[in-house]
Amino acid sequence: NVKYKFGGNSKKGIDCSAFTQRIFKEKFDIKIPRNTRTQVKTGKSINKTHLKLVYLVFFKTGKHDRHVGIYMGDGRFMHASIKGVKFTKLNKPFYKRTYWTSRRVLD
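No gaps in the numbering here: position 48 of the sequence shown is 48 in our numbering, and each next residue is one more.
No lab work stands behind these hints: they were computed from the structure. All residues carry an ideal CB built from backbone N, CA and C; glycine is no exception. Please note: incorrect hints may appear among the correct ones.
BS3-like cross-link-like pairs, simulated, lysine-lysine; straight-line CA separation at most 27 Å [claimed, not checked]:
no., residue 1, residue 2
1, K60, K44
2, K52, K96
3, K48, K83
4, K11, K60
5, K96, K60
6, K44, K92
7, K86, K12
8, K11, K83
9, K83, K3
10, K89, K5
Simulated restraints, written as ranges between beta carbons of each label pair [claimed, not checked]:
no., residue 1, residue 2, range
11, K25, S81, 13 to 23 Å
12, D65, K3, 17 to 27 Å
13, K44, K12, 27 to 37 Å
14, K3, D107, 28 to 38 Å
15, F94, F6, 15 to 25 Å
All chains, please: the whole structure from these sequences, using the hints.
So, in structure tokens, the structure goes:
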């Protein structure tokens, strides 16, 4: 029930990169950068066809806008969207069209 808030980093409101940063810190005790432009340089680049649980998935959603989520298996990822924290299918037309890259942070 956490709402989306650009620049937010709490249960009162959170954005996509803060969400991924918190998950990696709280669940795996791994520090990753705060924003998508630096998170996309973290870990190792992975082809979309080789996605596994908790890989980061990135999207170019606008000319300068980027979005990030965490792959959860079965073609779905978890992310903080404008509709709040939710699960979404990667093959949903918007995300299929805007998919950018994936990164493996955990070994």
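Hints broken by the structure, by number, lowest first?
none
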